[in-house]
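Engineer: Here's the letter readout for the chains.
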Amino acid sequence: MSVAPNGRKILIVEDEPHIAEAISFLCERDGIDADVVDNGAAALECVGRYDLVVLDIMLPGATGFAVAEAALAAPQPPKVCVLTAKGQPGDRARMSRIGVNAFITKPFSNRDLMATIHQLLTPT
Amino acid sequence: MAAGTRVPIGDRIRTHRRSAGLTQRALAEAVGVSPTYLSLIESNKRQIGGRLLHQIAGELGVASDTFTALSDDRLAAELDELSHRFSEDVPQSAAELVAFSPGWARILLELYDRSRNAEAQSDHLADRFARDPRLISYAHDILSRITSIRSVAEILCDFEALNADHRRRFTETVASESTRLSHVTREMIEALHAATTADAAGAAVREVDVFLQDRGYYFPAIEAAVEKLSPPEGASPSARFHDAFQRVADPAARAIALELSDHEFRTQGAAERASGALQRYAAGALLMPYEEFAAEAAYARYDLDQLCERFGASFEQVAHRLTSLRRPGAEGPLFAFLRVDPAGTVSKRLSTHEFRFPLFGSCPLWVVFEAFNQPGRTLSQLVDLEGKRFLFIARAIEKAPRRHAQPATRFAVMLATASETADDIVYGDGFHAARDSLVTVAGYECHSCTQVSCTQRAHGGRRAS
Chain A
420 MSVAPNGRKI LIVEDEPHIA EAISFLCERD GIDADVVDNG AAALECVGRY
470 DLVVLDIMLP GATGFAVAEA ALAAPQPPKV CVLTAKGQPG DRARMSRIGV
520 NAFITKPFSN RDLMATIHQL LTPT
Chain B
72 MAAGTRVPIG DRIRTHRRSA GLTQRALAEA VGVSPTYLSL IESNKRQIGG
122 RLLHQIAGEL GVASDTFTAL SDDRLAAELD ELSHRFSEDV PQSAAELVAF
172 SPGWARILLE LYDRSRNAEA QSDHLADRFA RDPRLISYAH DILSRITSIR
222 SVAEILCDFE ALNADHRRRF TETVASESTR LSHVTREMIE ALHAATTADA
272 AGAAVREVDV FLQDRGYYFP AIEAAVEKLS PPEGASPSAR FHDAFQRVAD
322 PAARAIALEL SDHEFRTQGA AERASGALQR YAAGALLMPY EEFAAEAAYA
372 RYDLDQLCER FGASFEQVAH RLTSLRRPGA EGPLFAFLRV DPAGTVSKRL
422 STHEFRFPLF GSCPLWVVFE AFNQPGRTLS QLVDLEGKRF LFIARAIEKA
472 PRRHAQPATR FAVMLATASE TADDIVYGDG FHAARDSLVT VAGYECHSCT
522 QVSCTQRAHG GRRAS
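From first to last, the protein sequence lines stand for chains A and B. Position one of the first sequence corresponds to residue 420 (this note's numbering), numbered consecutively onward. Position one of the second sequence corresponds to residue 72 (this note's numbering), numbered consecutively onward.
Mixed in with the good hints there might be a few duds.
Per label pair, the in silico range of CB-to-CB distance [claimed, not checked]:
1) B:193 - A:518: 44 to 50 angstroms
2) A:485 - B:447: 47 to 53 angstroms
3) B:228 - A:450: 20 to 26 angstroms
4) A:485 - B:477: 51 to 57 angstroms
5) A:516 - B:193: 26 to 32 angstroms
6) B:232 - A:485: 37 to 43 angstroms
If you're looking for bench data, these hints aren't it; they were derived computationally from the structure. Just so it is clear, the structure is predicted and the values come from calculations on it, not from any experiment. All C-beta atoms in this analysis are idealised placements derived from N, C-alpha and C, irrespective of residue type, glycine included.
Please work from the sequences and hints to get the whole structure.
Structural biologist: This is how it looks when you write it as C-alpha cells:
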C-alpha cells in the first residue's frame, strides 16, 4: 500500500473503540497521522483542522450528518468519508446532498477502507 | 368477491358420482329418475333438494349435506376473492374449481394464506427494523461488532510481524467482541421471536373464525347442555356474562369437546382459542336462551338496544347471539358479524353464505368506521355491493380501562344482512321511502372493487364484469 503524502492529517470520529483502534493502527502502518475522537460534539470543535475526516453516522453528542455538514462548511473544508451501518437509499441521498466525498458501509474490508483513505488524501 | 358465491349442487353430484365409478344412467336408475333429468341436475339446470337429494347421497355413500356444505361455499368465495387479486381473466370459476377439485382448492387457499402470512410477517419485521428503537439498536450493535471483528481479524492475518503487545490486544478484541456479538444476537432473536409469536396468534384467530363460520355458528349440543341451567346473576352485562361463563364450564364441557374432536386445527393455540370461543358461545346461550331470545328478537324487530335491556347483555353480546339464530325451523335473519378497532384491524369476522367479509381488508365506506365518530349511537346503512344490497348495523363499543391512566379499549361492531330481510328489522325502516337515494355504493375491499371513481380507493381494483 502506498504511503500518503507527508503532513496530511486525518480525524477518526468513531464511538466504537475497537473499530477506532483498528483504523488508527492501519493509518499508522501507512504513515498517516490520525487522531481519534469518540463523539460528535468533540468532532465539531476540531473538524476544520484536518485534511480528511473519517466518521461514523450514529454518534453520541451530534450525528455524523451534523459533523459532516460542519466540516464541509469550514473555510478550508476537509474531505469527508462516512462509515455507516445504514445502507438505506435515504441516507445515501442525504450524504450526497451534504457533499460527502465517500461513504463505506459496515462491515468493510481494511483494503477497501485504506484504498479510499489514500484516494481522498491524494491532491487533485 | 361475489356476495355468497355458492358451489352448484349439480357439479358436486357429478364429481361424487364419478368418484364412485357410476355412470349417469346407473345412478339415475338407482334413484328412479331418467338419465336426462339427472343430466339436467348435474348441469345445474334443475334445482333439487329433500328426498331425491337424500337418495342420491345414499347411493353415492356420502352424507346429504356434502352437497350443500358451507365450507365449500366459503372456499369458493375466498378463491373468488383471491383470483381478483391476480388476474382479470380467470380461466375457471372458483365454484367450478371447488366442485371438481375441492382438495386442490383447499391447497391453493392454504398456500395463499401461508404466503400472505409470510408476506405480512416480513413486512412487519421490516417495519420493526426501520422503526423499533430496540431493534435498530440491536442491528447497529451487531454490525459494529462484526465490523470490529472483521477489521481486527484481517490485521491479525495480514500483518505477520505484529509486535506481541498488538497481537495480544487484537486477539483479546476478537474474543471480547465475539462474546458481545453472541449476546446481542441472542437478545435480538428473542425480541423477534416475541413478534413472531404475536403473528401466530393472529393466524389462530382467523382459523377459529373459519371453524365457527363453517359450522354455521350454531351448536345445538351446546344449546341443549345449558338450557336447563339457572340464569346468570350480576349487576352489569360483563358481570352477568362472567357468571354465565363460570356456570357453563362443567355442563357444556362435554358438548364443546365433541364439537372440537372432529376438527384438526393447524395453527398453534387455535384449538385452545376455539375451545374458549365455544365456552363464550355457551355463556351467551345461557344469558340469552335460544327460544326466548329468538322470539323477543323477532318481536322487537331485532332492535339491539331493546334486546340489551331485556336480557341485561351488552351490544356486542347481543350482536353475536343474533348470528347464532340458525336452529332449523326457528331461524332468524342471517347476520354476518364484524369487529374492528379504530385502525381498521379486524379482530373477529363471521361471514355467512350471503355476505362474506373479505379475507384481508375492508371498505372504508362501511358504516362500521363512521360508528367511531358517533359513539353511543347505533347506525345503519343500506349498501350496494356489486349489485346486491345489504343492511349494515354498527355501533362503537368501549371497554373501560382496568387501571387509572390506561386508555379505554375501543372497537366497532357491525352486523350485515341481506336487504330482503330489512323489512323485518327496525334498522331498515328509514330506507323504505327512498331506498335508491339513500343507498351507499361501496365495495368489499379495494383489490376486488369495481368502483373505479371511488375517492377512497387505495388499490387498483378490477373491471366490472
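Engineer: Now tell me if each hint is right for this structure.
Structural biologist: For each hint, the structure was consulted:
Between residue 193 (chain B) and residue 518 (chain A) the Cβ separation comes to about 36 angstroms, which falls outside the hinted range of 44 to 50 angstroms. The given range of 47 to 53 angstroms is respected by residue 485 (chain A) and residue 447 (chain B), whose C-beta atoms sit roughly 51 angstroms from each other. Here the CB-CB span from residue 228 (chain B) to residue 450 (chain A) is close to 21 angstroms, well matched to the stated 20 to 26 angstroms. Distance hint check: the CB atoms of residue 485 (chain A) and residue 477 (chain B) are about 39 angstroms apart, inconsistent with the given range 51 to 57 angstroms.
Our hint of 26 to 32 angstroms for residue 516 (chain A) and residue 193 (chain B) holds, since their Cβ atoms are close to 30 angstroms apart. Range check, residue 232 (chain B) to residue 485 (chain A): about 40 angstroms between beta-carbon atoms, so the 37 to 43 angstroms window is met.
Figure legend: structure checked against the earlier numbered hints; hints not met, in rising order: 1, 4.
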